[in-house]
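Can you build the whole structure from these sequences, using the hints too?
Those sequence lines, one after another, are chains S and G.
1 is the number that numbering that gives the first Met the number 0 gives to position 2 of the first sequence; each next residue is one higher, with no gaps.
227 is the number that numbering that gives the first Met the number 0 gives to position 228 of the second sequence; each next residue is one higher, with no gaps.
One thing to keep in mind: the hints can contain errors.
As the list claims (entries may be wrong) - No more than 20 Å apart at the CA atoms, straight line, and that leaves these computed lysine to any residue pairs for SDA-like: (1) K113/S x L30/G; (2) K113/S x R15/G; (3) K113/S x L27/G; (4) K113/S x I26/G; (5) K273/S x M138/G; (6) K115/S x V31/G; (7) K115/S x A14/G; (8) K115/S x F220/G; (9) K113/S x N276/G; (10) K115/S x W144/G; (11) K113/S x L137/G; (12) K115/S x V19/G; (13) K115/S x T23/G; (14) K115/S x Q271/G; (15) K115/S x V145/G; (16) K115/S x Q18/G; (17) K273/S x R15/G; (18) K115/S x V269/G; (19) K56/S x M138/G; (20) K273/S x V145/G; (21) K115/S x L20/G; (22) K115/S x F267/G; (23) K63/S x E141/G; (24) K115/S x L27/G; (25) K113/S x E178/G; (26) K273/S x L137/G; (27) K113/S x A115/G; (28) K113/S x F220/G; (29) K113/S x E141/G; (30) K115/S x I26/G; (31) K273/S x F220/G; (32) K115/S x R17/G; (33) K115/S x P173/G; (34) K113/S x M138/G; (35) K113/S x H22/G; (36) K115/S x L21/G.
Simulated from the structure, these hints should not be mistaken for laboratory data.
One letter stands for each residue in the lines below.
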Amino acid sequence: MAVLTKARPKAALPVPPTKIRHRDGWWAAFFLAPQVIGLFAFLLFPLGFAFVLAFMKWDGLGEKSWVGFDNFTAILGEPDFHTALWNTLKLAVLTIPVGLGLALLIAVALNTIKGKGFYRVLYFLPVITSSVAVALMWQVILASGDYGVLNNTVRDWFGITLPDWLDDKNWVLLAIAVVTIWSSLGLNVVIFLAGLQTIPPQLVEAARIDGAGPVRIFRSVTLPLVSPTIFFTMIVSVISSLQAFDQIYVLVDPEHNDGARTIVFQVYELGFLKFEFGLSSAAALILLVLTLLVTLVQFGAQKRFVHYDS
Amino acid sequence: MTLSHVAVAGPGRGARARQVLLHTALILGGLVMLFPFAWMILTSFKGEQQMLHSPLDWLPAPWRPENYTDALSALPFGQAYWNSFYIAFLNVVLTLTTSAMAAYAFARIRFRGSGALFVLFLATQMVPSQVTIVPLYLMLSELGWVDSHLSLIVPSIVNPFAVFLLRQFIRAVPIELEEAARLDGANRWTIFWRIVVPNIKPGLGAYAIIAFLGSWNGYFFPLIFLNSPELATVPLLVARFAGDHGAINYGLTLAATAISIIPMMIAFLVGQRRILNSMAMSGLGGR
Numbered sequence: 000m001a002v003l004t005k006a007r008p009k010a011a012l013p014v015p016p017t018k019i020r021h022r023d024g025w026w027a028a029f030f031l032a033p034q035v036i037g038l039f040a041f042l043l044f045p046l047g048f049a050f051v052l053a054f055m056k057w058d059g060l061g062e063k064s065w066v067g068f069d070n071f072t073a074i075l076g077e078p079d080f081h082t083a084l085w086n087t088l089k090l091a092v093l094t095i096p097v098g099l100g101l102a103l104l105i106a107v108a109l110n111t112i113k114g115k116g117f118y119r120v121l122y123f124l125p126v127i128t129s130s131v132a133v134a135l136m137w138q139v140i141l142a143s144g145d146y147g148v149l150n151n152t153v154r155d156w157f158g159i160t161l162p163d164w165l166d167d168k169n170w171v172l173l174a175i176a177v178v179t180i181w182s183s184l185g186l187n188v189v190i191f192l193a194g195l196q197t198i199p200p201q202l203v204e205a206a207r208i209d210g211a212g213p214v215r216i217f218r219s220v221t222l223p224l225v226s227p228t229i230f231f232t233m234i235v236s237v238i239s240s241l242q243a244f245d246q247i248y249v250l251v252d253p254e255h256n257d258g259a260r261t262i263v264f265q266v267y268e269l270g271f272l273k274f275e276f277g278l279s280s281a282a283a284l285i286l287l288v289l290t291l292l293v294t295l296v297q298f299g300a301q302k303r304f305v306h307y308d309s
Numbered sequence: 000m001t002l003s004h005v006a007v008a009g010p011g012r013g014a015r016a017r018q019v020l021l022h023t024a025l026i027l028g029g030l031v032m033l034f035p036f037a038w039m040i041l042t043s044f045k046g047e048q049q050m051l052h053s054p055l056d057w058l059p060a061p062w063r064p065e066n067y068t069d070a071l072s073a074l075p076f077g078q079a080y081w082n083s084f085y086i087a088f089l090n091v092v093l094t095l096t097t098s099a100m101a102a103y104a105f106a107r108i109r110f111r112g113s114g115a116l117f118v119l120f121l122a123t124q125m126v127p128s129q130v131t132i133v134p135l136y137l138m139l140s141e142l143g144w145v146d147s148h149l150s151l152i153v154p155s156i157v158n159p160f161a162v163f164l165l166r167q168f169i170r171a172v173p174i175e176l177e178e179a180a181r182l183d184g185a186n187r188w189t190i191f192w193r194i195v196v197p198n199i200k201p202g203l204g205a206y207a208i209i210a211f212l213g214s215w216n217g218y219f220f221p222l223i224f225l226n227s228p229e230l231a232t233v234p235l236l237v238a239r240f241a242g243d244h245g246a247i248n249y250g251l252t253l254a255a256t257a258i259s260i261i262p263m264m265i266a267f268l269v270g271q272r273r274i275l276n277s278m279a280m281s282g283l284g285g286r
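In structure tokens form, the structure reads like this:
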């Protein structure tokens with residue numbers, strides 16, 4: 000490749016550079032048009048509209064009226080919203096450390112054994128399953144009463160009565176966390192495994208020759224080298240955790256169990272069940288701010304924990 | 000050679016024991032991963048009365064394959080499969096074409112505002128789609144797109160992540176290939192279509208899989224935008240059926256659930272290597 004570049008220096012181009020640049024403007028516009036028009040029409044315009052709606056009272060049919068910050072004060076004073084905000088954060092804390100830790104453990108194990116292909120497929124099955132199907136599959140496991148296999152089996156075998164996972168508002172979030180970890184584990188395993196496979200074996204070998212044990216190698220070689228992958232996965236997991244809705248909505252109806260309310264459910268309920276477009280938009284903007292804040296904090300922490308070579 | 004022999008001879012037995020231990024742990028974990036699927040299949044063959052039987056029966060008695068024929072006749076699966084398939088297909092084709100075009104402009108064309116526009120693209124990636132869902136709904140209902148598949152196909156074409164990912168791939172294509180074509184008089188479109196696109200096929204394939212899965216399994220958008228039964232996608236169809244019949248007849252509901260995931264399972268088992276590699280690639284941010 001270097002030879003090629005040398006053989007044909009830039010000055011040898013037959014067209015003068017100024018002329019290229021002039022025409023390039025049009026080409027750039029042509030290539031960018033579909034995505035940029037779409038970006039403005041379906042993302043930036045609705046986003047601006049959300050900001051406007053958040054300061055209005057409107058049910059979609061009657062008169063619109065400006066209400067200033069009333070929507071925000073109303074939302075922030077609403078007990079349901081407090082529950083939702085709190086649940087969303089709790090869910091992130093329940094799922095992410097355990098989910099990512101477990102995925103890393105499995106990936107490290109897979110990286111040292113033969114036949115990892117089989118396990119990759121096995122652990123990945125839930126990832127390709129729709130959230131609706133996941134929720135329905137887990138409903139018959141976690142349900143109380145006669146058809147919940149978990150509670151029935153534990154009662155019959157050990158005589159222990161477990162909580163009513165889906166209807167008890169104190170336990171439902173734990174059940175949701177388990178389902179979430181189960182359904183996303185495979186994706187994180189596959190990503191971590193790919194990250195682990197980029198580690199040069201010579202580095203691990205060198206550490207071993209220097210007398211490092213497996214734990215030391217993991218802490219001092221493996222972990223720093225996969226830390227960019229862990230960081231990326233964490234950002235994605237946190238964002239998707241803040242947006243939790245699909246599985247929860249099918250697994251338990253949050254309208255009937257406050258323990259399963261999340262911010263996105265509030266946005267959905269206010270907007271599409273109660274037609275309070277202003278309040279719904281205000282809730283959505285709070286979600287946006289929360290997402291940005293949490294991501295910013297993570298990028299801030301990145302410097303201390305993530306190792307980039309070069 | 001001798002050195003590595005010495006190194007292996009020592010911990011050989013320990014290494015084998017560790018392999019056995021790891022395999023055992025991974026298989027136990029795998030059983031936990033598989034159990035919900037197995038339980039779905041078992042339940043899907045049970046009759047209505049058996050669901051209420053206590054203590055709970057693990058195996059169906061008798062096996063009722065009728066649940067599957069009943070589910071197939073009660074639910075318009077053919078229609079829903081076609082809907083899900085063509086929506087996902089159009090989504091993938093349109094997203095990939097337009098994203099690759101934009102990615103090409105960002106990677107290879109110098110134009111004023113390129114940096115700022117790219118930052119704008121990256122920044123909008125941070126906006127959760129739920130934030131804009133109410134205004135988008137109002138907008139699309141003005142356009143008459145609510146309760147139409149257009150609402151699922153068109154807005155999701157905008158895909159900053161795909162633009163970002165494909166830009167990485169395009170930058171890895173040797174510039175010399177393009178320069179050679181340009182000397183031969185090819186214009187930008189020819190260069191893009193004949194040289195860049197064939198050279199980023201792995202990236203396009205990877206993203207096609209991710210986009211297809213996302214569209215195929217999506218629930219939030221169909222839930223909000225579709226009303227008419229004949230427009231339902233597969234997940235929406237099953238979720239609605241479960242909402243109406245779930246607690247009444249779990250056997251039937253889970254037969255429907257199984258029918259809804261079987262084609263994707265088969266596709267996954269056939270193309271697992273490519274699918275898993277695509278997922279890994281996206282997870283590494285295209286690095």
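Results for each hint:
Note on K113/S and L30/G: the hinted pairing holds, with a Cα-Cα distance of about 19 Å set against a maximum of 20 Å. This hinted pair checks out: K113/S and R15/G have alpha carbons roughly 11 Å apart, not beyond 20 Å. The hinted pair formed by K113/S and L27/G meets the criterion: a straight-line CA distance of about 17 Å does not exceed 20 Å. Proximity of K113/S to I26/G is assessed by CA-CA distance (about 13 Å); at most 20 Å being required, the pair is judged to hold.
A hinted pair counts as satisfied when its Cα atoms are at most 20 Å apart, and K273/S with M138/G qualifies at roughly 18 Å. Our distance criterion of 20 Å between C-alpha atoms is met by K115/S and V31/G, whose separation comes to about 17 Å. Proximity of K115/S to A14/G is assessed by CA-CA distance (about 17 Å); at most 20 Å being required, the pair is judged to hold. Straight-line distance between C-alpha atoms of K115/S and F220/G comes to about 36 Å, which puts the hinted pair past the 20 Å bound.
Only pairs whose Cα atoms come within 20 Å are accepted, and K113/S paired with N276/G is accepted, the gap being roughly 18 Å. Straight-line distance between C-alpha atoms of K115/S and W144/G comes to about 46 Å, which puts the hinted pair past the 20 Å bound. A C-alpha spacing of about 54 Å is found between K113/S and L137/G, which places the hinted pair above 20 Å, so the restraint is violated. Taking the CA atoms of K115/S and V19/G, the gap is near 13 Å; set against the 20 Å cutoff, the hint holds.
Proposed proximity of K115/S and T23/G is supported: the alpha carbons are some 13 Å apart, at most 20 Å. A hinted pair counts as satisfied when its Cα atoms are at most 20 Å apart, and K115/S with Q271/G qualifies at roughly 13 Å. The suggested pairing of K115/S with V145/G is violated, with an alpha-carbon distance near 46 Å, which exceeds 20 Å. Annotation: proposed proximity of K115/S to Q18/G holds, straight-line Cα distance about 12 Å (limit 20 Å).
A hinted pair counts as satisfied when its Cα atoms are at most 20 Å apart, and K273/S with R15/G does not qualify at roughly 62 Å. Only pairs whose Cα atoms come within 20 Å are accepted, and K115/S paired with V269/G is accepted, the gap being roughly 17 Å. A C-alpha spacing of about 17 Å is found between K56/S and M138/G, which places the hinted pair at or below 20 Å, so the restraint holds. Taking the CA atoms of K273/S and V145/G, the gap is about 18 Å. The hint holds against a cut of 20 Å.
With a CA separation close to 14 Å, the supplied pair K115/S and L20/G stays within the 20 Å bound. A hinted pair counts as satisfied when its Cα atoms are at most 20 Å apart, and K115/S with F267/G qualifies at roughly 17 Å. At roughly 16 Å between alpha-carbon atoms, K63/S and E141/G fall within 20 Å of each other, so this suggested pair holds. For the proposed pair K115/S and L27/G, the alpha carbon gap of about 15 Å is at most 20 Å, so the pair holds.
At roughly 45 Å between alpha-carbon atoms, K113/S and E178/G are farther apart than 20 Å, so this suggested pair is violated. Proposed proximity of K273/S and L137/G is supported: the alpha carbons are some 15 Å apart, at most 20 Å. For the given pair, K113/S sits about 48 Å from A115/G by alpha-carbon distance, which is inconsistent with the 20 Å threshold. Distance hint between K113/S and F220/G is unfulfilled; the C-alpha atoms sit about 41 Å from each other, more than 20 Å.
For a cut-off of 20 Å, the pair hint linking K113/S to E141/G is broken: about 57 Å separates their Cα positions. For the given pair, K115/S sits about 11 Å from I26/G by alpha-carbon distance, which is consistent with the 20 Å threshold. A C-alpha spacing of about 18 Å is found between K273/S and F220/G, which places the hinted pair at or below 20 Å, so the restraint holds. Straight-line distance between C-alpha atoms of K115/S and R17/G comes to about 15 Å, which keeps the hinted pair within the 20 Å bound.
In summary, the hint linking K115/S to P173/G is not supported, as the alpha carbons are separated by about 34 Å, beyond the 20 Å threshold. Under the criterion of a C-alpha separation no larger than 20 Å, the hint pairing K113/S with M138/G is inconsistent with the structure, at around 54 Å. Distance hint between K113/S and H22/G is fulfilled; the C-alpha atoms sit about 9 Å from each other, no more than 20 Å. Between K115/S and L21/G the alpha-carbon distance is near 11 Å, which keeps this suggested pair within the 20 Å criterion.
Violated hints for the displayed structure, listed by number in ascending order: 8, 10, 11, 15, 17, 25, 27, 28, 29, 33 and 34.
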